[in-house]
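Protein chains: 2
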Amino acid sequence: MKKVAILGPGLLGGSIALALRAAGGHFISIWARREDAAQEALQGGFADRASSNLVELVTDAELIVFCTPVDAMPTLAREIAPHVLPGAFITDVGSVKAPVVTELGAVFRGVAHFVGSHPMAGSERTGMAAARADLFHGSVCIVTPEQDTAHDAVVAVSGFWKGLGCRVIEASAALHDGRVAWVSHFPHLLAAALVDLVAQEEPGAFEFCGPGFRDTTRVASGSPGMWADILCSNREALKKTTDAMIEKLREITTLLDSEFPEQSMREFLKQAKAQRDRLHLPR
Amino acid sequence: MKKVAILGPGLLGGSIALALRAAGGHFISIWARREDAAQEALQGGFADRASSNLVELVTDAELIVFCTPVDAMPTLAREIAPHVLPGAFITDVGSVKAPVVTELGAVFRGVAHFVGSHPMAGSERTGMAAARADLFHGSVCIVTPEQDTAHDAVVAVSGFWKGLGCRVIEASAALHDGRVAWVSHFPHLLAAALVDLVAQEEPGAFEFCGPGFRDTTRVASGSPGMWADILCSNREALKKTTDAMIEKLREITTLLDSEFPEQSMREFLKQAKAQRDRLHLPR
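Chains as they are written, first to last, in my numbering: chain A, 31 to 313; chain B, 31 to 313.
Pulled out of the complex, with its shape left as it was, chain A reads as follows (with noise of 0.2 Å):
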């Protein structure tokens, strides 16, 4: 798997050139739907090839990776498919992958190999100037082959996210998006919807903000057009998530409001604290 084709010259498409880059022995193109954008991946030493003539920078790829927003990807997939290789490997980092994966696998049915991936890494940051060769070092990435999907292209898909310094696990789309709805998603959700509350309640409390408040917040400086895109496509799962935190705020209000309420919230900090503790969480 020498010649790959990045889609997307983002913060996860840079960081993948580069972690490729620094390993050696690849053929690096990477496609940027602004011709500029190519350019500067070429310039910024990226890639190999770089441009905005999608089928020409995939055509001879052994392994071609989505990098766009989710949403984009099905128009591409169907403006490539007609000229990838035959038994090409593709795969993609979409955030939610029930869509992709039925959307995507559909169109390379008979044409390609497609497994879905989800490496757990990124930043509010966005964009290549963002992009580091060791994005991915220690990650999490959730690969999601379907039942249909040939075992060769599962193990070489694997292969390059562990190339990147990733753990993989394999889970289905499904079990994915429910999954990662609780553990990014609603997160993300629940930043934003956080400062947007301080600031409708409470602006003055932004001057005495701590490296709490920073560290709690952070992904809701995310992209937005990104994030409302993943937010959306997985909305069933959230709205799982928003009512069970509904749920468990009203718990926590009955529990303010017990006479002695130090007892208790000692007893569920310690729990938080004793599940947290023992998570296996990236650097």
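Take the hints with a grain of salt, since some may be wrong.
[Said to hold, decoys possible] Simulated pairs of lysine to aspartate or glutamate, DMTMM-like, Cα-Cα distance not exceeding 25 Å:
#1 B:270 - A:273
#2 A:270 - B:164
#3 B:303 - A:273
#4 B:269 - A:90
#5 B:269 - A:231
#6 A:270 - B:289
#7 B:269 - A:266
#8 A:192 - B:226
#9 A:300 - B:226
#10 A:192 - B:237
#11 B:270 - A:289
#12 B:270 - A:277
#13 A:300 - B:245
#14 B:269 - A:297
#15 B:270 - A:266
#16 A:270 - B:237
#17 B:33 - B:164
#18 A:269 - B:226
#19 B:269 - A:292
#20 A:300 - B:90
#21 B:303 - A:237
#22 A:269 - B:297
#23 A:269 - B:273
#24 A:33 - A:78
#25 A:269 - B:90
#26 A:269 - B:281
#27 A:270 - B:90
#28 A:270 - B:266
#29 A:269 - B:237
#30 B:192 - B:281
#31 A:270 - B:277
#32 A:300 - B:297
#33 B:303 - A:289
#34 B:270 - A:226
#35 B:270 - A:245
#36 B:300 - A:109
#37 A:303 - B:90
#38 A:270 - B:281
#39 B:303 - A:292
The set of hints was computed from the structure by calculation and includes no laboratory data.
Chain A is fixed; fit chain B onto it per the hints.
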């Protein structure tokens, strides 16, 4: 203000000691409840003198800094009040200010000058082993004088924090508690609630954690005892923030249920990003 007594050898007390040491020219005393902790502070080079004998440590101090849990402060204050230097400056680092200012203000009235402080610095890590001389660099420190606080005392305590690298803001204790509920206490509760919910509803999701979950929940690894104390001391403000978040999450559910949520979601996220991006955040 050369002779400083630090009561409590934790992360904050230890970091103040290291910062004063680095600045030079201070005689630093540390009080610890347990004599072995006092000896550790001494052997670790945090202090010129350390002991579990409270009275002995404070009699010659020109500045006394309470770095113990908030609920331990009144008892210690009553114990030292008859022994402090007349006119000494006294402050604390408690995360809740109204009860501390009321109680310690009353204990030291006519004896010494108490001014409450809250440096917005810290870590989920605890204890002197986590202390850092630069912990306060670039932090906001809120100083909470009362109407009858001597101007000299406010200048002295503010100057102390500025010397440690803080940007000082003055506010009443009540204003402090209302605002800090929004940017510290409630975010802490929310982080613990999120971890607790995932453990309860979808524990397998913990396998899929990336940097977003790591950061949004970092504070949930803080000390349960210390935080139960803080949260329960500020529970009226916390009930308001919790109710407001329940309302906000209901709005978000309505948004997700609308026919075309993408546009509204993008607007919501865009506003939250704009608010957060213009905050003056520590490092």
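Now the hints, each set against the structure:
1. Only pairs whose Cα atoms come within 25 Å are accepted, and residue 270 (chain B) paired with residue 273 (chain A) is accepted, the gap being roughly 19 Å.
2. Between the alpha carbons of residue 270 (chain A) and residue 164 (chain B) the distance comes to roughly 43 Å, so the proposed pair goes past 25 Å and is violated.
3. For the proposed pair residue 303 (chain B) and residue 273 (chain A), the alpha carbon gap of about 24 Å is at most 25 Å, so the pair holds.
4. Using a Cα cut-off of 25 Å, the hinted pair residue 269 (chain B) and residue 90 (chain A) is violated, with the two alpha carbons roughly 61 Å apart.
5. A hinted pair counts as satisfied when its Cα atoms are at most 25 Å apart, and residue 269 (chain B) with residue 231 (chain A) qualifies at roughly 14 Å.
6. For a cut-off of 25 Å, the pair hint linking residue 270 (chain A) to residue 289 (chain B) stands: about 18 Å separates their Cα positions.
7. Restraint check: the Cα-Cα separation between residue 269 (chain B) and residue 266 (chain A) comes to about 29 Å, which exceeds 25 Å; the hinted pair is violated.
8. The suggested pairing of residue 192 (chain A) with residue 226 (chain B) is violated, with an alpha-carbon distance near 31 Å, which exceeds 25 Å.
9. Using a Cα cut-off of 25 Å, the hinted pair residue 300 (chain A) and residue 226 (chain B) holds, with the two alpha carbons roughly 10 Å apart.
10. Note on residue 192 (chain A) and residue 237 (chain B): the hinted pairing holds, with a Cα-Cα distance of about 17 Å set against a maximum of 25 Å.
11. For the suggested pair residue 270 (chain B) and residue 289 (chain A), the alpha carbons sit about 18 Å apart, so the restraint of at most 25 Å is met.
12. A C-alpha spacing of about 16 Å is found between residue 270 (chain B) and residue 277 (chain A), which places the hinted pair at or below 25 Å, so the restraint holds.
13. Distance check on the hinted pair: residue 300 (chain A) and residue 245 (chain B) sit about 18 Å apart at the alpha-carbon level, within 25 Å; holds.
14. Distance restraint check for residue 269 (chain B) and residue 297 (chain A): the Cα-Cα separation of roughly 19 Å lies within the 25 Å cut-off, and the hinted pair is therefore satisfied.
15. Restraint check for residue 270 (chain B) and residue 266 (chain A): not satisfied, since their Cα atoms lie roughly 28 Å apart, outside the 25 Å limit.
16. Our distance criterion of 25 Å between C-alpha atoms is met by residue 270 (chain A) and residue 237 (chain B), whose separation comes to about 19 Å.
17. The straight-line distance between the Cα atoms of residue 33 (chain B) and residue 164 (chain B) is roughly 20 Å, inside the 25 Å bound, and the hint therefore holds.
18. Between residue 269 (chain A) and residue 226 (chain B) the alpha-carbon distance is near 18 Å, which keeps this suggested pair within the 25 Å criterion.
19. Proximity of residue 269 (chain B) to residue 292 (chain A) is assessed by CA-CA distance (about 15 Å); at most 25 Å being required, the pair is judged to hold.
20. Between the alpha carbons of residue 300 (chain A) and residue 90 (chain B) the distance comes to roughly 39 Å, so the proposed pair goes past 25 Å and is violated.
21. A hinted pair counts as satisfied when its Cα atoms are at most 25 Å apart, and residue 303 (chain B) with residue 237 (chain A) qualifies at roughly 17 Å.
22. A hinted pair counts as satisfied when its Cα atoms are at most 25 Å apart, and residue 269 (chain A) with residue 297 (chain B) qualifies at roughly 19 Å.
23. Straight-line distance between C-alpha atoms of residue 269 (chain A) and residue 273 (chain B) comes to about 19 Å, which keeps the hinted pair within the 25 Å bound.
24. For the suggested pair residue 33 (chain A) and residue 78 (chain A), the alpha carbons sit about 10 Å apart, so the restraint of at most 25 Å is met.
25. Distance restraint check for residue 269 (chain A) and residue 90 (chain B): the Cα-Cα separation of roughly 61 Å exceeds the 25 Å cut-off, and the hinted pair is therefore not satisfied.
26. The hinted pair formed by residue 269 (chain A) and residue 281 (chain B) meets the criterion: a straight-line CA distance of about 11 Å does not exceed 25 Å.
27. At roughly 60 Å between alpha-carbon atoms, residue 270 (chain A) and residue 90 (chain B) are farther apart than 25 Å, so this suggested pair is violated.
28. Simply put, residue 270 (chain A) and residue 266 (chain B) have alpha-carbon atoms about 28 Å apart, too far for the 25 Å limit, and the pair is violated.
29. Distance check on the hinted pair: residue 269 (chain A) and residue 237 (chain B) sit about 21 Å apart at the alpha-carbon level, within 25 Å; holds.
30. For a cut-off of 25 Å, the pair hint linking residue 192 (chain B) to residue 281 (chain B) is broken: about 42 Å separates their Cα positions.
31. For the suggested pair residue 270 (chain A) and residue 277 (chain B), the alpha carbons sit about 16 Å apart, so the restraint of at most 25 Å is met.
32. Note on residue 300 (chain A) and residue 297 (chain B): the hinted pairing is violated, with a Cα-Cα distance of about 37 Å set against a maximum of 25 Å.
33. With a CA separation close to 39 Å, the supplied pair residue 303 (chain B) and residue 289 (chain A) exceeds the 25 Å bound.
34. Using a Cα cut-off of 25 Å, the hinted pair residue 270 (chain B) and residue 226 (chain A) holds, with the two alpha carbons roughly 15 Å apart.
35. Straight-line distance between C-alpha atoms of residue 270 (chain B) and residue 245 (chain A) comes to about 22 Å, which keeps the hinted pair within the 25 Å bound.
36. For the hint pairing residue 300 (chain B) with residue 109 (chain A), the CA-to-CA distance comes to about 31 Å; that exceeds 25 Å, so the pair is violated.
37. For a cut-off of 25 Å, the pair hint linking residue 303 (chain A) to residue 90 (chain B) is broken: about 40 Å separates their Cα positions.
38. Between residue 270 (chain A) and residue 281 (chain B) the CA atoms are separated by roughly 14 Å; this keeps the pair inside 25 Å, and the hint holds.
39. With a CA separation close to 35 Å, the supplied pair residue 303 (chain B) and residue 292 (chain A) exceeds the 25 Å bound.
The structure is inconsistent with the numbered hints 2, 4, 7, 8, 15, 20, 25, 27, 28, 30, 32, 33, 36, 37, 39, although it conforms to all the rest.
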